[in-house]
Amino acid sequence: MASIVSVNSLSVSYRSGGRDVPVVHEVSWGVAEGRTLALVGESGSGKSTLAGTLLGHLRHGSRITDGSVHVDGKDVFALPARELRRLRGTTVAMVAQNAGHALTPSMRIGRQIEEVGGDVPVLDLLEQVRLPRPAELARRYPHELSGGQQQRVAIAMAIAARPKVLVLDEPTTGLDVVTQRSVLDLIGALRDELGLAAVLVSHDLGVVARMADEVTVLRSGRVVESAPTRRLFTAPQDPYTRRLLASVPRLDDAGLALVGETGEREIRPRAVLSPEAEVAVSARDVTIDYGSSRAVHGVSFDVRRGEVLALVGESGSGKSTLAWTLAGLRTSSGGTMIHASGDLARLAGKRPLDLRRRVQLVFQNADTSLNPRRSVGDAVRRPLRFFGTVQGRTQAAARARELISDVRLDPALADRLPAQLSGGQRQRIGIARALAGGPDVLIADEITTALDVSVQADVLRLLDDLRRERDLACLFISHDLAVVRGIADRVIVLRHGVVVEEGPTEAVFAEPGHPYTRQLMAAALEPDPDARPLAADVADWADAAEPDSVWTDHGHGHRVRRWRPVTTDGTVPTERTVTTEGVA
Amino acid sequence: MLSFVARRVGAAAGTLVLSSVIVFLAVQALPGDVATQILGKDATPDAVAALRGKLGLDQPAWERYAHWMRGALHGDFGASLVSSRPVGGEVATYLGNSALIALVTVLFAVTGSIVLGIVAGLNRDRWPDHLISTVSLVGMSVPEFVVATVLVLCFSVALPWFPAVVLYGPEASAGRLLPAVWLPALALAVVMAAYIVRMARTSVIDVMASEYVTTARLKGLSTWRVVTRHALPSALLPTLHVIALNVAWLAGGVAVVENVFNYPGIGKLMLSSVQNRDLPVIQAIALISAVIYVVCNLAADVGAMALNPKLRTGGRTR
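Just so you know, the protein sequences line up as chains A and B, in that order. Quick note: the first sequence uses the working numbering, first residue -19, plus one each step. Quick note: the second sequence uses the working numbering, first residue 76, plus one each step.
One should not assume that every hint holds.
Footprint (simulated), chain A over chain B, 3 or more residues, beta carbon under 8 Å [as the list claims (entries may be wrong)]:
{"no.": "1", "region": "277 to 288"}
{"no.": "2", "region": "304 to 317"}
{"no.": "3", "region": "379 to 387"}
Quick partial rundown of chain A residues pointing at chain B, CB under 10 Å, derived from the structure [said to hold, decoys possible]:
{"no.": "4", "residue": "Leu35"}
{"no.": "5", "residue": "Thr70"}
{"no.": "6", "residue": "Gln77"}
{"no.": "7", "residue": "Pro85"}
{"no.": "8", "residue": "Met87"}
On the chain B side, residues computed to face chain A include the following (Cβ under 7 Å) [unchecked claim]:
{"no.": "9", "residue": "Leu293"}
{"no.": "10", "residue": "Lys294"}
{"no.": "11", "residue": "Gly295"}
Hints in this document: simulated from the structure, not taken from any laboratory. Think of the CB as a built atom: it goes at the ideal place given N, C-alpha and C, for glycine as much as any other residue.
Construct the entire structure; sequences and hints are all you get.
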């Protein structure tokens, strides 16, 4: 088979502070017609830079120092400007990472697709990417579409001129699992239908296992390993690849996976919670409104000391709203939230100092939640002084260094600014800052979402260590069921602000009772090319909860919100009690 | 969309009412009695009382405000204390002369500086950018009367192309004033353009680095199309408000420059009225300045709506 893309010992450098910083070193790879190659790596691996070179695109300040890129027989970086423009779009097209940012906000969708200049009518394209009511959609602006719809529009734009190669730069990062699944299915179908060669850039090994024929693993701008997908996932050769694969949390892990330097995987058994463990936070029928729309409807739960309770759901499920309300950053509009030492219904500023100290929030994004102009030591020191945990300047500094080493960082980092740390280090500082007051409740709002998979494994391990050492009650917010599986003792699944299922982690994962839970599990992608994703068993369902019988109880605290299946023709089958086997 | 415009117009009207009250109160708070001021220190108390009655100064403040506002809405701002002529007509004459300068300034400064800003932004870190940025920075740092004086030295004294000062009165026709307009307009434009150039440059750089511009480039579109269709609508958005503020600033900026050139415009009238304590004229000019500020900002808001569909569709999502 002929190679449609071939990259030959390519080196790219970035000019910074008067010297060249190499970002890609002598990398070679190729893609045959109709095949899909995945470029896999963590942040800083140079994978997106490589993807851009296929379209002759380099970031401001970058340049090719050696090697060449050929697409469809043409040397991309030797093409005159006019021909390079023709190459883009008609021979090779790109689907960018974040469609929300990749679509021009001031232009209608239809116009943006049209100007690519293919022969296919815009409405046919919109239909091809399975968007409903294409005629109406074409007249909309990007901000009037959901994230999944925006990504579909970006795909329509990429295939408009019928290119031969499709470059997909993290096409589903930032989408919900269920949306991700449907977008990947669409990409797969279009690729086969149009006979496209594809280059998939991703950090997500689950996505890669599902989509790629071959995989090239990159690290710091060098190729670590290249292999056909099945061989790479079943018999990885390089220790880095092994470690990367081992770091991915699985849906069937019975506890937290501890990953060794060379990729050995050891499952740490769950912490055993003493039955006498004291309840740290007790929430009853909590309701939260955003103006006139209700974000959280009557959610109740208890978290005990030493326990990790996970709140799981897609974006818009109200899980972060709930977390922020518990932390005192928003007010609830109904229900009660009680901490052992006070009422959590009040905003943080109105809570007594002691209560404020005991309930702490770790933010999703450590980059933006730390003051960029203060040293990280300072960030940890301030709550120490504020809560009066230590007296005096020198003592506070010493305690801050202690806390920094408690989160497994070198205390010498205390003098650095946040920008001088890596993403994982910053998130650890975020945790150290939260620990400074000596809390007994820690609210972790998607704290690993922005991290690379190997860093995520380390941070999860840290969190698990800390709750054991300090007997912390931890509320762990996540959209990723596989992550939750390893760390949480109990799980609450939220959908549109309503709890649909809750129970001990083992029970919920072994016998998910609600179709929405099953849908989430089915959408989670395992890093295994042979994994048959679970099919969502019920196409559609309706809520069947009644005031006096909201739940179906499965014992041991595992309960499922009542529901009934709805058939596609709109009729409602006879109501029945739904068992854990689902609907026959 | 209509409700957005309606709210903005409502806010603008409210701002105007408030500023008219402030203008009125500020003038009232000036020390000294107007009647004594007019008649001189040696006037008899009877004469002062008679004049006070004639001017309506013996009525309560709110009634005088209501009377003033009622007149102002009909274009009647009372009579000048100096010339006894109607303030409305006098202000209108001078305002017309200033508008000539303002028009020329806005026309050249705004279009010129937007173009320069875009050129600088597109050529980031290359020589056109360095040249434009440096020159505009110098323009920003030098006060307008210095710029005006330098311009007079260069283009009236060294090269006698334009008149250094205007020798006509306020009643001169636009055609006679036209040769005298260029230097004041240029002086104002230099100062004003600096802000707009820098703002346009920064936002063009930001937008050109955005993901949607990269996507548009990678679609294989020509640079011209990428810039005009994808980048400019968003890049002009923040610039719009800077332009509005600068156009409004002209109302004050002309005062200084007009005095340098002895140009019979509103700035000159304002200065002489302050010196003569001609309160009705000061009041009228202050109110007109407020109107100019409010109208400029309203125009910018409506312009922003034209460029940003999020505002037009009322923030509707999904």
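Hints, verified against the model:
{"no.": "1", "hint": "277 to 288", "verdict": "holds (count 5)"}
{"no.": "2", "hint": "304 to 317", "verdict": "holds (count 4)"}
{"no.": "3", "hint": "379 to 387", "verdict": "holds (count 4)"}
{"no.": "4", "hint": "Leu35", "verdict": "holds, 5 Å"}
{"no.": "5", "hint": "Thr70", "verdict": "holds, 7 Å"}
{"no.": "6", "hint": "Gln77", "verdict": "holds, 8 Å"}
{"no.": "7", "hint": "Pro85", "verdict": "holds, 6 Å"}
{"no.": "8", "hint": "Met87", "verdict": "holds, 7 Å"}
{"no.": "9", "hint": "Leu293", "verdict": "holds, 5 Å"}
{"no.": "10", "hint": "Lys294", "verdict": "holds, 5 Å"}
{"no.": "11", "hint": "Gly295", "verdict": "holds, 4 Å"}
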